[in-house]
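Undergrad: The chain contents come next:
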Amino acid sequence: MIRRRTVDSISAALMRFAVIFANALAFLIGIVLVVKACPILAQKSPLQLLFGSTWYPLRGQFGLLPFLVGTVAVTLVAMVLSIPVCLLSAIYLSEYARQRVRSLVMPIVDVLAGIPSVVYGLWGVIVIVPLVRSVGQSLGSDTTGYSLLAGGLVLSVMVVPVIVSVSTEVMRAVPVELRESTIALGATRWETARYVVLRAAHRGIFAAIILGFARAFGETLAVLMVVGNVARIPVSVFDPVYPLPALIANKYGEMMSLPLYDSALMLVALILLVVAACFIVGARLTLRRLGRTA
Amino acid sequence: MKWRRIEEAFVKALMFASMGLVAICLTSILLVIVIRGAGALSFSMLVETPKGGYYLGKSGGIANAIVGSAYLALGGTVLAFALSLPIAFAVQQEYAGRRVASFTRLALDVLWGTPSIVYGAFGFVIMVWMGIRACLLGGILVLALLMMPIMARTFEEVIRMVPRELKEASYAMGATRWETTWAIVARQAVPGIVTGVMLAFGRGIGDAASLLFTAGYSDRIPHSLFDPVASLPLAVFFQIGTPIPEVQQRAYASALVLLIIVLLISLGSRFIGKRFARFAIR
Chain A
216 MIRRRTVDSI SAALMRFAVI FANALAFLIG IVLVVKACPI LAQKSPLQLL
266 FGSTWYPLRG QFGLLPFLVG TVAVTLVAMV LSIPVCLLSA IYLSEYARQR
316 VRSLVMPIVD VLAGIPSVVY GLWGVIVIVP LVRSVGQSLG SDTTGYSLLA
366 GGLVLSVMVV PVIVSVSTEV MRAVPVELRE STIALGATRW ETARYVVLRA
416 AHRGIFAAII LGFARAFGET LAVLMVVGNV ARIPVSVFDP VYPLPALIAN
466 KYGEMMSLPL YDSALMLVAL ILLVVAACFI VGARLTLRRL GRTA
Chain B
4 MKWRRIEEAF VKALMFASMG LVAICLTSIL LVIVIRGAGA LSFSMLVETP
54 KGGYYLGKSG GIANAIVGSA YLALGGTVLA FALSLPIAFA VQQEYAGRRV
104 ASFTRLALDV LWGTPSIVYG AFGFVIMVWM GIRACLLGGI LVLALLMMPI
154 MARTFEEVIR MVPRELKEAS YAMGATRWET TWAIVARQAV PGIVTGVMLA
204 FGRGIGDAAS LLFTAGYSDR IPHSLFDPVA SLPLAVFFQI GTPIPEVQQR
254 AYASALVLLI IVLLISLGSR FIGKRFARFA IR
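Line by line, the protein sequences are chains A and B.
Residues 216 to 509 in the working numbering are what the first sequence spells out, letter by letter.
Residues 4 to 285 in the working numbering are what the second sequence spells out, letter by letter.
Please note that a few of the clues may not be correct.
[Stated by the list, open to error] Distance windows between CB atoms, simulated:
#, chain 1, residue 1, chain 2, residue 2, range
1, A, I323, B, G244, 30 to 38 Å
2, B, I263, A, T269, 44 to 52 Å
3, B, S47, A, L243, 38 to 46 Å
4, B, E171, A, I323, 37 to 45 Å
5, A, Q258, B, A16, 56 to 64 Å
[Said to hold, decoys possible] Using 25 Å as the maximum straight-line C-alpha spacing, the simulated DMTMM-like pairs for lysine to aspartate or glutamate come out as follows:
#, chain 1, residue 1, chain 2, residue 2
6, B, K277, B, E168
7, B, K15, A, E392
8, B, K61, B, D222
9, B, K15, A, E384
10, B, K15, A, E406
11, B, K54, B, E182
12, A, K466, B, E160
13, B, K170, B, E160
14, A, K259, A, E469
15, B, K5, A, E395
16, B, K277, A, E384
17, B, K170, B, E182
18, B, K15, A, E395
[Unchecked claim] Partial pick of chain B residues on the chain A-facing surface, computed with a CB cut under 10 Å:
#, residue
19, R8
20, A104
21, M133
22, I135
23, A186
24, L202
25, P231
26, L237
Derived by calculation from the structure, the hints in this document are not laboratory data.
Yeah, the Cβ is synthetic: ideal placement off N, Cα and C, and Gly gets one too.
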């Protein structure tokens, strides 16, 4: 009996340690990045860093504005393209499709969620970039195809599995009785979906979109491969952009060579972490308040 | 009434159009990678490491990246598993209060959603502080951190689904918390655990941004934990970046190999999960 008790308490202690580690890791990443970002924050004002538009580390200028604009622009283009398509698909899967269709499509969606981002990036280089180039040139712009639009298109495809699977699940969780009573009142399916299901599930759908947003925001290589990486504020969707994650990925090799350079890149990583964490905490708490934990 | 019918038909058409659009995009991804990749893939590519002038289009293969990715993903999976299982056990009611459990879940969600480039930067800083250069060990550790939340979260979900009556029956017979957890809960959750491991493995083997600074890249197969190591996603990334067509061909082939591995794992996890389901009581 004593032995069994000991095993029980030792295992409990080990588990507690693992839990502490998991929770600490979330903070540790943040703290380490803050510590590394401190030197540059001490020398330059945050405004100067965030809204300065010159990136010239040799002269000690670390304006992040073009990169911030790049990231936000690519993410926004992706979401604008993706959200309507995703929601219409999710409504179809949830409200119109038969059980058999749904149980066939949902696993495929899950499999697609697992495709590595470089594969999406490669597809972007082979298919999307030439497509954007020919469309752009026919519209009279001298784009190479490596552009904001290309990045947005690739990202919009990447977030489809996330948004579709979460929002379909949320819509399925709306009680059948609600639908039945609307249909009994003579509403069409679309009216039921629009006035009842969407209204009941809107918070969950919002959370699904935010989760997709978070994924798009931090995506590195797939975007880096197709956006052209020119540190200028884009004027049209056919202009190249330079998102924040791409900045870290491209410049890590040189970052030890100049003062403050590594600090600037860690500040970028910190920005990515904080924004992603805010999105996710918001989305998860919303989903949880809906009585769901998924 | 007629107007409502038209609206219904119109929206339905829109839905079909968007489903079709999604289907076209995703089929196009698979087709493009398979066709381009299959054209470039050969047996020697799979078993040879890069030789002199490889990046100028001379002979060689991507065995370094295949083996490297296997090392990295397997090492990461083992470590992450050892870390995740206790976490998932520990957020059960018997061990943790509701607030600790829900906070831990939130922390894991945040970690799950943290961009992998941030893990890369974090790992890089830690490695610089410890004075280690990019190597297999660094890559494995960072991948383990990246996979841990995925595994812990999926394990935790299935463990929560274990029927309460089963646990109560076990406690009624005088079993301790650990005995119940190990003999009843873990056994019952095996299908979900297998799925979680496969999910995390697939994510780990496909991740590139976190390995960029931590694992480095090398033309040789590593002999020790402190050698830099190549990986398939980075092989795709570096080879598509060169202007030489032969090398770009190899990027397609590497992507195909990666895609096949990921799809096999994903399908395999469904199959294996089902096989193990027969050990579950209900």
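Undergrad: Work down the list of hints and note, for each, if the structure agrees.
TA: Hint by hint, here is what the structure shows:
{"no.": "1", "hint": "A:I323 <-> B:G244: 30 to 38 Å", "verdict": "holds, 31 Å"}
{"no.": "2", "hint": "B:I263 <-> A:T269: 44 to 52 Å", "verdict": "holds, 45 Å"}
{"no.": "3", "hint": "B:S47 <-> A:L243: 38 to 46 Å", "verdict": "holds, 45 Å"}
{"no.": "4", "hint": "B:E171 <-> A:I323: 37 to 45 Å", "verdict": "holds, 39 Å"}
{"no.": "5", "hint": "A:Q258 <-> B:A16: 56 to 64 Å", "verdict": "holds, 58 Å"}
{"no.": "6", "hint": "B:K277 <-> B:E168", "verdict": "holds, 23 Å"}
{"no.": "7", "hint": "B:K15 <-> A:E392", "verdict": "holds, 23 Å"}
{"no.": "8", "hint": "B:K61 <-> B:D222", "verdict": "holds, 14 Å"}
{"no.": "9", "hint": "B:K15 <-> A:E384", "verdict": "holds, 20 Å"}
{"no.": "10", "hint": "B:K15 <-> A:E406", "verdict": "holds, 12 Å"}
{"no.": "11", "hint": "B:K54 <-> B:E182", "verdict": "violated, 55 Å"}
{"no.": "12", "hint": "A:K466 <-> B:E160", "verdict": "violated, 39 Å"}
{"no.": "13", "hint": "B:K170 <-> B:E160", "verdict": "holds, 16 Å"}
{"no.": "14", "hint": "A:K259 <-> A:E469", "verdict": "holds, 21 Å"}
{"no.": "15", "hint": "B:K5 <-> A:E395", "verdict": "holds, 22 Å"}
{"no.": "16", "hint": "B:K277 <-> A:E384", "verdict": "holds, 22 Å"}
{"no.": "17", "hint": "B:K170 <-> B:E182", "verdict": "holds, 10 Å"}
{"no.": "18", "hint": "B:K15 <-> A:E395", "verdict": "holds, 19 Å"}
{"no.": "19", "hint": "R8", "verdict": "holds, 7 Å"}
{"no.": "20", "hint": "A104", "verdict": "holds, 9 Å"}
{"no.": "21", "hint": "M133", "verdict": "violated, 12 Å"}
{"no.": "22", "hint": "I135", "verdict": "violated, 14 Å"}
{"no.": "23", "hint": "A186", "verdict": "violated, 12 Å"}
{"no.": "24", "hint": "L202", "verdict": "holds, 7 Å"}
{"no.": "25", "hint": "P231", "verdict": "violated, 13 Å"}
{"no.": "26", "hint": "L237", "verdict": "holds, 8 Å"}
Consistency with the previously given hints fails for numbers 11, 12, 21, 22, 23, 25, ordered from lowest to highest.
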